[in-house]
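J.: Given next are the chains, with one letter for each unit.
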Amino acid sequence: MSSINENIEIICLLEGIYQKYGYDFRNYSQASVRRRLKLKLNSSNLPSYSAMLHKVLYEKDFFDSLLLDLTINVTEMFRDPTFYKALRSDIVPILKTYPHIKIWHAGCSTGEEVYSMAILLEEEGLLKRSLIYATDINELVLAKAKEGIFPLEKIKEYTTNYQRAGGTESFAEYYTASYDAVIMKKRLKDKIVFSQHNLATDGIFTEAHLIVCRNVLIYFNKELQNKVLGLFKDSLIRKGVLALGSKETIKFSNYANDFIELVGKEKIYGKIR
Amino acid sequence: MKYEAIVLGVSAGGLKALTTLFTNIKDSFKIPILLVQHMHAGSDDYLARYLASICKLTVKEADEKEKIKNRTVYIAPANYHLMIEDDKTLSLTIDQKVNYSRPSIDVLFESAVDAYNDKLIGIILTGANDDGARGMEQIKKAGGLTIIQNPKTAEVPSMPEAVTKRIKPDHILELEAIAKLLNSITI
Ligand SMILES: C[S@@+](CC[C@H](N)C(=O)[O-])C[C@H]1O[C@@H](n2cnc3c(N)ncnc32)[C@H](O)[C@@H]1O
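Note that the protein sequences, when read in sequence, are chains A and B. Per this note's numbering: the first sequence = residues 1 to 273. Per this note's numbering: the second sequence = residues 1001 to 1187.
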């Protein structure tokens, strides 16, 4: 049961994190944040969130580990294959009209989604004229993304996803296997720039033809969702494309009228002006 | 009067059990029902469409930030955890699997306890694992009502049995009797 006092303590904890370290979790979905904090409270044997606040303020290492717990980094390659299929059939033709293509993956986690995009672009003959910016709040996952090394045990699942997503080659073309891991091919990496960017507190990152931000907004409350959607709107070129996660929508936001559905079912939108 | 929401967890053998339950729930049933049925990551909204076809309630897949309404059944979409916010809106997340499951029954139930305290009914039906047992324990602790399908007659008994290892449920019943009990609770 969550008591009023406990909720106040959590508010203070999040405020403390923001004041001290600049990471703003105050407008994240409450239930999810509370669940993460509860798990952390139990695993660190602390008596209360107030005690946790004290530890956060005085022990940077503890904060770093908490930060990892607060950002959920679950991801996979070609997650939701039908989404990538729709990108190929409906969005690639739009991208083909541009001489240079800039793509921004916001909340890219360990990079699986970004490499999936690079593979798709290569198969569509667009990789050479594309540049992909991939950002995340969490520096640790970014470091992993940059390495482009993924566990071998996942490859079977990813290969199935790739094929369902309309992949035209053999998936093994895109990585080199060594021991229990695979390393993504350099020609894919060369087209990706990874950097830290916090959607809650930072401004426009780049001007993009396509912004992909999947399964990040679900962790935000309405207010922060609106703010971030505004940021995306301002970052897109005229008629730029915005792709959200399969359970995210622009429909009920402040920016519903600035976009049209390009592929409604896959939550792919086009900026009107 | 007392109860404001029902959380319902079911796994292997679920389709048959849900069919019996929902065909026996009265048309005017008011309290919102939030449902986790374990399913494969790629599943579509078949279950929602099917359940909608066999009862008079509104049945839909849960949408992110959706406000919970009476007379409605919300189903956790495949590959997402479903949670309830204190303001009675829904949240979806792709957090790690819990009990090898996403959606996980425990995740829904524990957030429901935070949102509804003792005004909550938890139900566990047939299933082959122990997801939901922790959540039921929390519901009981908070003073909510706990109901399980009789493991002796459940298609797969493990899931309701796992609940009995943690708590003494308020009711251990056949599916028809669960429907009858729910029908007798009015708000
Ligand atoms: C669940 S993952 C989604 C990864 C990938 N886009 C996908 O759909 O598979 C969410 C990611 O968003 C990142 N994130 C959370 N808050 C953020 C913020 N304020 N700014 C940027 N990224 C954030 C997390 O670090 C995490 O890597």
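Think of the hints as simulated: they come from the structure by calculation, not from any bench. The structure presented is a predicted model; accordingly, all values stated were derived computationally and were not measured. Accuracy of the hints is not assured; some may be wrong.
Stated by the list, open to error - In silico lysine-lysine, BS3-like type, Cα no more than 25 Å apart, as pairs:
(1) B/K1140 / A/K222
(2) A/K251 / B/K1067
(3) A/K251 / B/K1141
(4) B/K1165 / A/K251
(5) A/K38 / B/K1152
(6) B/K1060 / A/K38
(7) A/K40 / B/K1097
(8) B/K1016 / A/K40
(9) B/K1165 / A/K156
(10) A/K38 / B/K1030
(11) B/K1067 / A/K222
(12) A/K40 / B/K1140
(13) B/K1067 / A/K265
(14) A/K222 / B/K1069
To be verified - Chain B side only, calculated, beta carbon under 8 Å to chain A, not exhaustive:
(15) Q1096
(16) D1130
(17) N1150
From the three backbone atoms N, C-alpha and C, an ideal C-beta is built for every residue, glycine too.
J.: All the hints need checking, so say for each whether the structure fits it.
T.: Hint check results:
Using a Cα cut-off of 25 Å, the hinted pair B/K1140 and A/K222 is violated, with the two alpha carbons roughly 32 Å apart. Our distance criterion of 25 Å between C-alpha atoms is met by A/K251 and B/K1067, whose separation comes to about 15 Å. At roughly 39 Å between alpha-carbon atoms, A/K251 and B/K1141 are farther apart than 25 Å, so this suggested pair is violated. A distance of roughly 45 Å separates the Cα atoms of B/K1165 and A/K251; the hinted pair therefore is violated under the 25 Å criterion.
This hinted pair does not check out: A/K38 and B/K1152 have alpha carbons roughly 35 Å apart, beyond 25 Å. Of the pairs offered as hints, the one joining B/K1060 and A/K38 is violated, with about 30 Å between alpha carbons and a cut-off of 25 Å exceeded. At most 25 Å may separate the alpha-carbon atoms for a hinted pair to count; A/K40 and B/K1097 meet this at roughly 17 Å. With a CA separation close to 39 Å, the supplied pair B/K1016 and A/K40 exceeds the 25 Å bound.
The hinted pair formed by B/K1165 and A/K156 fails the criterion: a straight-line CA distance of about 37 Å is larger than 25 Å. The straight-line distance between the Cα atoms of A/K38 and B/K1030 is roughly 32 Å, outside the 25 Å bound, and the hint therefore fails. Taken as a hint, the B/K1067 and A/K222 pair is honoured in the structure, with Cα atoms around 12 Å apart against an allowance of 25 Å. Taken as a hint, the A/K40 and B/K1140 pair is honoured in the structure, with Cα atoms around 23 Å apart against an allowance of 25 Å.
Distance restraint check for B/K1067 and A/K265: the Cα-Cα separation of roughly 21 Å lies within the 25 Å cut-off, and the hinted pair is therefore satisfied. Proximity of A/K222 to B/K1069 is assessed by CA-CA distance (about 19 Å); at most 25 Å being required, the pair is judged to hold. Residue-level restraint check for B/Q1096 holds (minimum Cβ-Cβ distance to chain A is 6 Å; threshold 8 Å). Interface restraint check: B/D1130 against chain A, minimum CB-CB distance 18 Å, threshold 8 Å, status violated.
Because the beta carbon of B/N1150 sits about 28 Å from the nearest beta carbon in chain A, more than 8 Å, this interface hint is broken.
When held up to the earlier numbered hints, the structure conflicts with 1, 3, 4, 5, 6, 8, 9, 10, 16, 17 and fits the remainder.
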